[in-house]
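**Q** Each chain, letter by letter, is given below.
There are 2 protein chains.
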Amino acid sequence: MTAIARAVPVDLPFQRLSALVEQDMEAVNAVIATRMASDNAPRIPEVTRHLVDAGGKRLRPILTLAAARLCEYPGEDHVKLAATVEFIHTATLLHDDVVDESGQRRGRPTANLLWDNKSSVLVGDYLFARSFQLMVECGSLRVLDILADASATIAEGEVLQLSTGRSIAVAEETYLRMIHGKTAALFAAATQVGGVIAAAPEPRIQALRAYGRDLGMAFQIVDDVLDYGGASAALGKNLGDDFREGKMTLPVLIAVAEAKAAGDDAALAFWTRCIERPSKQRDGDLEEALRRLAEGGALARATERARGYVTSARGALEIFPATPLRDALRDVAGYVVSRLS
Amino acid sequence: MTAIARAVPVDLPFQRLSALVEQDMEAVNAVIATRMASDNAPRIPEVTRHLVDAGGKRLRPILTLAAARLCEYPGEDHVKLAATVEFIHTATLLHDDVVDESGQRRGRPTANLLWDNKSSVLVGDYLFARSFQLMVECGSLRVLDILADASATIAEGEVLQLSTGRSIAVAEETYLRMIHGKTAALFAAATQVGGVIAAAPEPRIQALRAYGRDLGMAFQIVDDVLDYGGASAALGKNLGDDFREGKMTLPVLIAVAEAKAAGDDAALAFWTRCIERPSKQRDGDLEEALRRLAEGGALARATERARGYVTSARGALEIFPATPLRDALRDVAGYVVSRLS
Numbered sequence: 001m002t003a004i005a006r007a008v009p010v011d012l013p014f015q016r017l018s019a020l021v022e023q024d025m026e027a028v029n030a031v032i033a034t035r036m037a038s039d040n041a042p043r044i045p046e047v048t049r050h051l052v053d054a055g056g057k058r059l060r061p062i063l064t065l066a067a068a069r070l071c072e073y074p075g076e077d078h079v080k081l082a083a084t085v086e087f088i089h090t091a092t093l094l095h096d097d098v099v100d101e102s103g104q105r106r107g108r109p110t111a112n113l114l115w116d117n118k119s120s121v122l123v124g125d126y127l128f129a130r131s132f133q134l135m136v137e138c139g140s141l142r143v144l145d146i147l148a149d150a151s152a153t154i155a156e157g158e159v160l161q162l163s164t165g166r167s168i169a170v171a172e173e174t175y176l177r178m179i180h181g182k183t184a185a186l187f188a189a190a191t192q193v194g195g196v197i198a199a200a201p202e203p204r205i206q207a208l209r210a211y212g213r214d215l216g217m218a219f220q221i222v223d224d225v226l227d228y229g230g231a232s233a234a235l236g237k238n239l240g241d242d243f244r245e246g247k248m249t250l251p252v253l254i255a256v257a258e259a260k261a262a263g264d265d266a267a268l269a270f271w272t273r274c275i276e277r278p279s280k281q282r283d284g285d286l287e288e289a290l291r292r293l294a295e296g297g298a299l300a301r302a303t304e305r306a307r308g309y310v311t312s313a314r315g316a317l318e319i320f321p322a323t324p325l326r327d328a329l330r331d332v333a334g335y336v337v338s339r340l341s
Numbered sequence: 001m002t003a004i005a006r007a008v009p010v011d012l013p014f015q016r017l018s019a020l021v022e023q024d025m026e027a028v029n030a031v032i033a034t035r036m037a038s039d040n041a042p043r044i045p046e047v048t049r050h051l052v053d054a055g056g057k058r059l060r061p062i063l064t065l066a067a068a069r070l071c072e073y074p075g076e077d078h079v080k081l082a083a084t085v086e087f088i089h090t091a092t093l094l095h096d097d098v099v100d101e102s103g104q105r106r107g108r109p110t111a112n113l114l115w116d117n118k119s120s121v122l123v124g125d126y127l128f129a130r131s132f133q134l135m136v137e138c139g140s141l142r143v144l145d146i147l148a149d150a151s152a153t154i155a156e157g158e159v160l161q162l163s164t165g166r167s168i169a170v171a172e173e174t175y176l177r178m179i180h181g182k183t184a185a186l187f188a189a190a191t192q193v194g195g196v197i198a199a200a201p202e203p204r205i206q207a208l209r210a211y212g213r214d215l216g217m218a219f220q221i222v223d224d225v226l227d228y229g230g231a232s233a234a235l236g237k238n239l240g241d242d243f244r245e246g247k248m249t250l251p252v253l254i255a256v257a258e259a260k261a262a263g264d265d266a267a268l269a270f271w272t273r274c275i276e277r278p279s280k281q282r283d284g285d286l287e288e289a290l291r292r293l294a295e296g297g298a299l300a301r302a303t304e305r306a307r308g309y310v311t312s313a314r315g316a317l318e319i320f321p322a323t324p325l326r327d328a329l330r331d332v333a334g335y336v337v338s339r340l341s
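Residue numbers (this note's numbering), protein chains in the order written: chain X, 1 to 341; chain V, 1 to 341.
Hints in this document: simulated from the structure, not taken from any laboratory.
Certain hints may be false.
Computed spacing ranges between beta-carbons, pair by pair [stated by the list, open to error]: (1) 276(X) x 72(V): 58 to 64 Å; (2) 46(V) x 258(X): 31 to 37 Å; (3) 30(V) x 266(X): 50 to 56 Å; (4) 199(X) x 12(V): 52 to 58 Å; (5) 39(X) x 142(V): 20 to 26 Å; (6) 33(X) x 45(V): 37 to 43 Å; (7) 241(V) x 334(X): 54 to 60 Å; (8) 245(X) x 268(V): 44 to 50 Å; (9) 277(V) x 295(X): 55 to 61 Å; (10) 76(X) x 321(V): 43 to 49 Å; (11) 23(X) x 323(V): 54 to 60 Å; (12) 206(X) x 45(V): 27 to 33 Å; (13) 241(V) x 239(X): 40 to 46 Å.
By construction, the Cβ of each residue, glycine as well, lies at the ideal position given by its N, Cα and C atoms.
Could you put the whole structure together from the sequences, leaning on the hints where they help?
**A** Right, dumping it as structure tokens:
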């Protein structure tokens, strides 16, 4: 890599993609603002505005818009679908706040600290219902089918995470199913419905779905690696959140597997104590975990896994002719992993 | 009323209605059992079975089945819609358990005491998603539209209840909007979709909707009156639950309005203290509330309001020819209020 290439901001691909769907995205923001209002329950926009203003990147709705445009969709319903996808995502965050008892999200206090658990659950339900209304307005049963399946997969993934949490015996296959539900299922639906609403040929629809799914898998693995630091500073997410909750994520999973293979009883004892009884963690445990994961190479190997999904996501787009939009989508996949370096 | 009529069990109309859709209901139970299973997350049926086994009356799915049959529906999709309606109801109960911190439902410990808040939120989400899949399978955009609107109204009603709770200033109109969201919206959707799936003439569809809505309004008012005792014993619900949570329900609303009109400062001070700061309630407060509501006539006047909705619900069915099914639906409306006597 040349000095010039290194000087380029790492999120340039994302900015390029955003710029290509900028007008559509303004329409999405207008739909979001209108639809989260409630004459009957003014508390609702109070809670949602907090989350929406927190200014996530809106990656998911941008993907829906880009997928529809990539398939030369001439209509307007992709705007509603993009808003749908963002509402589902926001609702999931609200319910996740309740269940994870996490104190921060995107660097700001979570909704349930500012309001309460009750509001988070019910406002999340409201956003799910609003997203449901938006999709019905688009009038495509296939779109509804895809988003209904995604909703079920998301919920299954979250429950699976609950019931398999705090055990170092979690199989890698289970972890992959969990992150598929937690993240990749909505990414896959977000890109697929863009193709469906555009009535694209079936192979292109499937390619968009594969792209979204693999991008989502990479995105979540990177998130899990970043929880143990990666090389980047200034993260919105607290370092070590997953560790303190005893969550089995890919870096720990790899470290545990390697400790078993090497017969390293000290390492196994460390992970068992910290993951299975997180309330018993002591000062210095997080630092030890960071050191073990970095020096043992688990972070590097997890990053390799993410890169594999990125390659696969990029490959799925080969079916489309080379256009600035296709190339921006392809490069965004690489950007996801570049957050680590 | 003759001695013989008094000897008839009060839930006879409900039993008659159940018997008329018994075979369909067996199919609904089979769909519920199949669809609440999850290969990926075995925790899910654990939680839902608890609720389903608790054996609510399944009034809502029975209404959907009966509405479809009343419109001479020859198909099978009403079974899926009935299961949909029951899943939405069960999901709402699960989320309500989280938000109300209530210790009992249907006389058994609530799911969130047996498991935890996390499971209640996420399994509720799973049931919503499953209900969504079931409706999509029926392939009717109008049905989807009705149930999406009902979902939004339910969530708005719950949020409204949160934000207006613990204030004796709640207007009757606000209370009515709240119980419409909390209960009547799903009843209305349950009966309306039965007519829609049967492709009934529009006036019949609207009549079924009006019947469900007014039945739901009566049902919730009766529930609110029963929380202060009614005349019946052996209720699954704890007496005084609403009072202890500081919920403004119709009996208290009426008592407060009458105290204001009469300039009864002692009564106003009592209700203000108990409803606006429920944690400061003292021994004997519930007994005083029960006495004030019974002797002051607020329970009787709230019951009258419920009777008004029952009359309206029964009237809506006049558009249908007299059949055993129509008459059973009509009589079930009366049964709802008969729980009070």
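**Q** A separate judgement is required for each hint: does it hold in the structure or not?
**A** Consistency of the hints with the structure:
The supplied range of 58 to 64 Å is met by residue 276(X) and residue 72(V), whose beta-carbon atoms lie about 60 Å from each other. Separation of residue 46(V) from residue 258(X) is about 34 Å and conforms to the stated range, judged on CB atoms against 31 to 37 Å. Distance hint check for residue 30(V) and residue 266(X): the Cβ-Cβ separation is about 53 Å, which falls inside the suggested range of 50 to 56 Å. Taking 52 to 58 Å as the suggested C-beta distance range, the pair residue 199(X) and residue 12(V) conforms, at roughly 55 Å.
Against the hinted window of 20 to 26 Å, the Cβ-Cβ separation of residue 39(X) and residue 142(V) comes to about 24 Å, which satisfies the hint. Taken as a hint, the range 37 to 43 Å holds for the pair residue 33(X) and residue 45(V), whose Cβ atoms sit roughly 40 Å apart. At about 56 Å, the CB distance of residue 241(V) to residue 334(X) agrees with the hint of 54 to 60 Å. Between residue 245(X) and residue 268(V) the beta carbons are some 48 Å apart, a value that agrees with the proposed interval 44 to 50 Å.
Between residue 277(V) and residue 295(X) the Cβ separation comes to about 57 Å, which falls inside the hinted range of 55 to 61 Å. For residue 76(X) and residue 321(V), the Cβ-Cβ distance of about 46 Å falls inside the hinted range of 43 to 49 Å, so the restraint holds. At about 57 Å, the CB distance of residue 23(X) to residue 323(V) agrees with the hint of 54 to 60 Å. For the pair residue 206(X) and residue 45(V), the supplied restraint of 27 to 33 Å holds, since their beta-carbon distance comes to about 32 Å.
Separated by about 44 Å at the C-beta atoms, residue 241(V) and residue 239(X) satisfy the suggested range of 40 to 46 Å.
Consistency with the previously given hints is maintained throughout, with no hint failing.
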